[in-house]
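With these hints in hand, go ahead and build the complete structure from the sequences.
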Amino acid sequence: MSDLLVSKGISKQFGNKIALNNFDLSIPQGAIYGLLGPNGAGKTTFLRIINQITAPDSGEITIAGKHLDKSIVPMVGYMPEERGLYNNMKIGEQALYFARLKGLNHAEAIKKTRFWFEKLEIMEWWDKKLTELSKGMGQKVQFVITVLHEPKLLIFDEPFSGFDPVNAKLIAEEIIGLSKKGATIIFSTHRMESVEEMCDHIALINQSNKILDGEINAIKHRFKSGKYFVEIDRSDKSGWAEFKEQFEPEIISEQEHSMKFNISKPDDINSNELLIKLTTLGHIAQFKENIPSMNEVFIRAVSEN
Amino acid sequence: MKQILLVAKREFMTQVKNKTFIVMTFLSPLILVAIIAIVAWMISANSDQKNIAVIDHSNEFITTLASSKNVIYNFYPAADMEGIKDTLVDSKYLNGLLIIPEFDDNDFESLQNKIELITNGNIGVTFKEGLESKINKRIEEIKMKNAGVSENQLKQLKSNISIKTFNLKDSSGGETGNKTEYLKFGIAMFLAYIVFTFIMLYGVKIMRSVVEEKNNRVVEIIISSVKPFNLMMGKILGTTFVALLQFSIWIVVGLLAFIGGSTFLQSKIPTGMAQSQMQEMMNQNPEWMTETLGIFDAMRDVNFPFIIILFLIYFLLGYLFYSSVFAAIGSAVDNEADTQQFTFYPIFPMIIAIYGSMTALDNPDGPVSFWLSMIPLTSPISMVVRLPFGVEWWEILLSLLLLIGTMLLMVFTASKIYRVGILMYGKKASFKEMWKWIRY
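One line per chain: the protein sequences are F and E, in this order. Counting in this note's numbering, the first sequence runs from 1 upward without gaps. Counting in this note's numbering, the second sequence runs from 1 upward without gaps.
If you are wondering where the hints come from, they were derived from the structure by calculation, not from laboratory data. Note that the Cβ used here is the ideal one computed from N, Cα and C, for glycine as well. Any given hint could turn out to be false.
[As the list claims (entries may be wrong)] Not everything, but these chain F residues come out facing chain E in the computed CB check (under 8 Å):
1) PRO80
2) VAL147
3) PHE243
4) PHE247
[Unchecked claim] In silico lysine-lysine, BS3-like type, Cα no more than 25 Å apart, as pairs:
5) F:LYS66 / E:LYS227
6) F:LYS224 / F:LYS265
7) F:LYS17 / E:LYS432
8) F:LYS70 / E:LYS9
Encoded structure:
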């Protein structure tokens, strides 16, 4: 898979504050890429640089091999963290205006706005002003404005903050649909759990620096502890004392007929052999490798750095 | 360029569709007419007729104090003095009693402070001064008579000279009368006020529109597609079109009212009669005729194409300069209330320009006028004031160069402040911070 966006050595400083420090990143074509890190890590600055809102002090970014200039604008759709629409302008006219600013001609802009308004069932709002709509409705319009011109690269800053669960699900489905059609997606958020399941690639950012990046499964694999979670229904306690001696499980709960514990797999046996050992204790209800959450990965990655 | 036009179009449409625009466009001429009518009425209501009773012991002032439209003098015998004084206290009809004592022809000094004017209210400084000068003039006549100057000689002594002025540097090279001077001053101040009002009105509009976009947070989405500079210029351009539309409407409405009014009047008067009436008016009131003709003559002396073209150039440059300042202010604050602290700075030089330029009537080529029309902050107003009086080409050229240079520098600086400012939420910027933004 080739890379759609490549960032090389991007640095940005505001006064004395370093916002981004020598930032390298490659985002593969068609990826759903999570840019994760706490508030103030430099995520939004990076997104603003991609969108040519701020210029970097040094380094360069290419999108589909092109340097950032006017020709990039139609290729990018950006939904900033600070959502915003005009209060005193009709919804339909606003959508047309933003589409035209992205380089669509009048006929195309109308066609595509209609398409998306119909798809999200908001056609009847066309002549309404933002002040007449609920917050959730406004968010739908905001989304339409971001994706309307069918950009190759879609950027969502804190994508689901402020969306109610119903709209968040709807928008998430639409985003996955766009991804399947070939769009590359960037999610930027500090709530790592919110996008974890959707992303296939991630980069972790902390204090202006990239800590690590890559395929999400590979990263999780790298940070897994080698521990397994086990739940056993047992009829008697025979063999437990010996087992406990050998594997030193961390007991989570212990009841008359049911036990839950975490266990570290010794290096000299594989998981199947471990499972066979466990079957001697009773019926196995659950056996699963402990995969760390993104939060855990982040905390460990930061402490390792 | 395409983007600037798109932004300008949106700005134009939003402002024109706004109810305030429609109300302002059609209501403000009416308000203006109403204000003029009220002021005119107040002036006429204020200068009512005065009735003055005179008791003249000397019997010298009967001819001097002749009644006119505004003041009526009634002479009474000395015996009535107490009676008049009593009536005066509560009288609505009588405004004052003038008492002139008897005096010795050889001792006018004794008359000092002896002439009394008793009033039942405030008589007004202008009236008092007029009365004093009339009495003084009469006393001078008496003095001259005493010195042996005959009535005839006195008449010959009087002169009524009005200086004719010729300006060699004027393109027409012709005579410039007082009327021309006043007309030029009128045009000058009118144009200056247009520049000032227009910049204020529409500069503030641009500022509001910037603050609104910042408040809505819509600005970040826009500048992911449009360069901040293009956005700013689009806003300025769009607002300029709104202003042009508004002025065009006013001019058209004004012309229609004028044409409609005059055709209405003409239809009321049969043509044949109108001419004879005009003739009659000319015979009855030759002064009025010469005055009217004088104004037309004066208008011919003014070089209108020259004034209008340069007015438009200065106007546009000054407008660009100040509206970029207003745009920068809008970007640096979070809400409209905070703008007041900064709007003072652009208004200040414009007010100096307006009042400084009032000295132009006395001396259009004087140092104050000259420097105000050179400094780019004031030249869009002050040079416009000087234009009707004629300005040297090198002065116009120099002032234009300075203004264009400063304007470009200001637009550039403002766009830098704007670029950073529109993304700064939650704080009101200080000058120190803005200086930092310029250097980012």
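Cross-check of the supplied hints:
Of the supplied interface hints, the one on PRO80 (chain F) holds, with its beta-carbon coming within about 4 Å of a beta-carbon of chain E, less than 8 Å. Here the hint on VAL147 (chain F) is broken, as its CB sits about 13 Å from the closest CB of chain E, past 8 Å. Because the smallest distance between the Cβ of PHE243 (chain F) and any Cβ of chain E comes to about 59 Å, over 8 Å, the interface hint for this residue is violated. Annotation: PHE247 (chain F) was flagged as interfacial toward chain E, and the flag is violated, the nearest CB pair being 55 Å apart, outside 8 Å.
A threshold of 25 Å between alpha carbons decides the hint, and for LYS66 (chain F) with LYS227 (chain E) the separation of about 18 Å falls inside it, so the pair holds. Restraint check: the Cα-Cα separation between LYS224 (chain F) and LYS265 (chain F) comes to about 12 Å, which is no more than 25 Å; the hinted pair holds. Our distance criterion of 25 Å between C-alpha atoms is met by LYS17 (chain F) and LYS432 (chain E), whose separation comes to about 17 Å. Restraint check: the Cα-Cα separation between LYS70 (chain F) and LYS9 (chain E) comes to about 21 Å, which is no more than 25 Å; the hinted pair holds.
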